[in-house]
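Q: Single-letter residue listing:
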Amino acid sequence: MNVEYGSPLVMHMLVLHGNIGSKIDISRNGYIVDKMAIEFPESRYIAPIEEHNIHAIFKWECILKIQIGDAKLSQHAKNEDAANFLKCTELTVSITRLGTCIYRIGSKIRSELEDTDAFKRDINYSDETENFIIAVCCHIHDIIAGF
Amino acid sequence: MIRQYHTGVNGWTSLKNNVHNVRIKEIVNKYFDELPSKFDPNVAVQSFRVGSESDESIFFHILSNVSSRQDENCNRSEQLFKVWNFKHFWIWQVTCDFGESYGDETYYKQQKEVNEVVSKIDIKELWDKGNLMKMHDEDAYGVLRREVNFVGSTKITSIVINVSQDTRLIEFVKDSKNDNVQENTKPRPVNICYTGRLKGKIAQEVIDKVVRKKLVKRRGPCGSEMHIDTYMGVVQIFGNNCNFRRITCKAFVSKKQADCVVEYLCRMVSSGSLLLCAVFFMFCIA
Numbered sequence: 001m002n003v004e005y006g007s008p009l010v011m012h013m014l015v016l017h018g019n020i021g022s023k024i025d026i027s028r029n030g031y032i033v034d035k036m037a038i039e040f041p042e043s044r045y046i047a048p049i050e051e052h053n054i055h056a057i058f059k060w061e062c063i064l065k066i067q068i069g070d071a072k073l074s075q076h077a078k079n080e081d082a083a084n085f086l087k088c089t090e091l092t093v094s095i096t097r098l099g100t101c102i103y104r105i106g107s108k109i110r111s112e113l114e115d116t117d118a119f120k121r122d123i124n125y126s127d128e129t130e131n132f133i134i135a136v137c138c139h140i141h142d143i144i145a146g147f
Numbered sequence: 001m002i003r004q005y006h007t008g009v010n011g012w013t014s015l016k017n018n019v020h021n022v023r024i025k026e027i028v029n030k031y032f033d034e035l036p037s038k039f040d041p042n043v044a045v046q047s048f049r050v051g052s053e054s055d056e057s058i059f060f061h062i063l064s065n066v067s068s069r070q071d072e073n074c075n076r077s078e079q080l081f082k083v084w085n086f087k088h089f090w091i092w093q094v095t096c097d098f099g100e101s102y103g104d105e106t107y108y109k110q111q112k113e114v115n116e117v118v119s120k121i122d123i124k125e126l127w128d129k130g131n132l133m134k135m136h137d138e139d140a141y142g143v144l145r146r147e148v149n150f151v152g153s154t155k156i157t158s159i160v161i162n163v164s165q166d167t168r169l170i171e172f173v174k175d176s177k178n179d180n181v182q183e184n185t186k187p188r189p190v191n192i193c194y195t196g197r198l199k200g201k202i203a204q205e206v207i208d209k210v211v212r213k214k215l216v217k218r219r220g221p222c223g224s225e226m227h228i229d230t231y232m233g234v235v236q237i238f239g240n241n242c243n244f245r246r247i248t249c250k251a252f253v254s255k256k257q258a259d260c261v262v263e264y265l266c267r268m269v270s271s272g273s274l275l276l277c278a279v280f281f282m283f284c285i286a
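First to last, the sequence lines map onto chains A and B. Residues 1 to 147 (my numbering) make up the first sequence, in order. Residues 1 to 286 (my numbering) make up the second sequence, in order.
Among the clues, some could well be false.
The calculated lysine-lysine pairs, modelled on BS3-like cross-linking and capped at a C-alpha distance of 25 Å, are [as the list claims (entries may be wrong)]:
#1 A/59 to B/250
#2 B/256 to B/186
#3 B/87 to A/23
#4 A/72 to B/186
#5 B/155 to B/30
#6 B/256 to A/23
#7 B/186 to A/65
Rather than coming from a laboratory, the hints here were simulated on the basis of the structure.
Chain A on its own, in the form it takes in the complex (with noise of 0.2 Å):
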């Protein structure tokens, strides 16, 4: 009997590191907190705790909420396979001084639902879905490094 897939792949983690190339001002009145406030009313900052080394961190309950420039992959955001996988992933971003930008993408699904068969007809992880993530976070570093 032939082994195959029950069901298809599905993302629960995914980890983006990038660098804005400069040092970066972090503190709760630095440049930082009013640029994302500005282009990013929906998210939530929590803000540094230098002494214990803890970034300045940006969240999104939802990463639908944030709007990209590519046509196709907003398009494709929008049918509702995706859309359903994508309005339950919430995006982390932690920021340093030094300009190191950590975005830590999580799907909020929890495991006991993974393994409902209504569950597993409503999700669809694709590499569009991948690449709509991706271009979420490249949106987000072009705001923060400043293009």
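Following the hints, position chain B against chain A.
A: Same frame as chain A, now just chain B:
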């Protein structure tokens, strides 16, 4: 940074962070080559000076005087001296920084010696000559506005580090992270984890065969039944549950690569082919 080695404590420890630490780290990084790399804390008080070649002087005082590691601390005070030149006297402005906030400015008048020439003066030496008379701020304000009389400035920083009496060794360590601003790079995936399910029975003889070939480890972490290290990432296959097996792919950088490995794995375990095993071996970290 400064690190200490204590009697009865394994490994190095560092001072608790406070408002002075960030500045002290900057100073240690800047003057690292002038600092002693190690010194003996058995001497109760040790002092040394760095920055003599620059326009600032930094004095370190290390005192082995506190009873426990929890009480170890560091303090810093900075004084900025600015001097203006007039016909018969020097005017000094001294600004103090004790870490929390800048204090008030204080002004002094210093009588000039007969043969003093502006181009040859050392500001630090000039201050050390003393003979200073405190001035009212209002008196100093008018003359200090004249930039043409400005000679220069120097900064004197005093750092006091109180370490525990059971400290056996103290070291200054350069924090290279502070220098490393990386070039601008677009975000790229460094770690992606996927979950899926496999359908179909994997024959025990096939599992034995791939285990013998050392492609697959039995009983991997997280309760997995099979664990495969490949150059593209790690694959874990979990136990059979009603003809389905949960599969996780960790540390991959794209879905295409994860799909490629899993699909090949499926073909290999379906056929049990030695040739496919041999090809799969190229994916694997032996």
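Q: Work down the list of hints and note, for each, if the structure agrees.
A: Verification of the supplied hints:
Distance check on the hinted pair: residue 59 of chain A and residue 250 of chain B sit about 24 Å apart at the alpha-carbon level, within 25 Å; holds. A C-alpha spacing of about 20 Å is found between residue 256 of chain B and residue 186 of chain B, which places the hinted pair at or below 25 Å, so the restraint holds. Taken as a hint, the residue 87 of chain B and residue 23 of chain A pair is broken in the structure, with Cα atoms around 46 Å apart against an allowance of 25 Å. A C-alpha spacing of about 20 Å is found between residue 72 of chain A and residue 186 of chain B, which places the hinted pair at or below 25 Å, so the restraint holds.
A distance of roughly 15 Å separates the Cα atoms of residue 155 of chain B and residue 30 of chain B; the hinted pair therefore holds under the 25 Å criterion. Distance check on the hinted pair: residue 256 of chain B and residue 23 of chain A sit about 35 Å apart at the alpha-carbon level, beyond 25 Å; violated. For the given pair, residue 186 of chain B sits about 21 Å from residue 65 of chain A by alpha-carbon distance, which is consistent with the 25 Å threshold.
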